[in-house]
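Asks: Read in order, the letters of the sequence shown correspond to residues 1 to 126 in UniProt numbering.
Treat the hints as calculated values from the structure; they're not laboratory data. Careful, some of the hints might be misleading.
[Said to hold, decoys possible] Straight-line alpha carbon distances no greater than 30 Å define the calculated DSBU-like cross-link-like pairs of lysine-lysine that follow:
| no. | residue 1 | residue 2 |
| --- | --- | --- |
| 1 | Lys-72 | Lys-87 |
| 2 | Lys-102 | Lys-8 |
| 3 | Lys-52 | Lys-102 |
| 4 | Lys-72 | Lys-9 |
| 5 | Lys-87 | Lys-52 |
| 6 | Lys-87 | Lys-102 |
| 7 | Lys-72 | Lys-52 |
| 8 | Lys-9 | Lys-52 |
Just so you know, these numbers come straight off a predicted model, no measurement behind them.
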Amino acid sequence: GEVYIRGKKRAGLISDEEISGLRIGLVFQSAALFDSLSVRENVGFLLYERSKMSENQISELVTQTLAAVGLKGVENRLPSELSGGMKKRVALARSLIFDTTKEVIEPEVLLYDEPTAGLDPIASTV
1 GEVYIRGKKR
11 AGLISDEEIS
21 GLRIGLVFQS
31 AALFDSLSVR
41 ENVGFLLYER
51 SKMSENQISE
61 LVTQTLAAVG
71 LKGVENRLPS
81 ELSGGMKKRV
91 ALARSLIFDT
101 TKEVIEPEVL
111 LYDEPTAGLD
121 PIASTV
């Protein structure tokens, strides 16, 4: 395959200057959710910590982002109450959520380790 970053085909290593400010979303193979936080708190974690958005704005955005990955009504659950596939979707939502008060808001690159490992064929199409 080919890799393009900011519209340029890349081969081999690239310099720090070429990727400076690159917005990257990351999904770990194991989902890497915080066990003691609700799904809402896991997905909105960075926004709660770093954005100037209100808690209500973040909560609404979390709900929308979860719906976009096929999860509704799970915001108040703990990770231990979710299936493996649901945990992967929560991790994906966390990597996609963005601060709507910023000019540039979504990730340019999404790194996803083993995106469909352990999922049934239907769930792996999301």
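Asks: What are the numbers of the hints that this structure violates, sorted from low to high?
Replies: Hint check: 4 and 8 fail, others pass.
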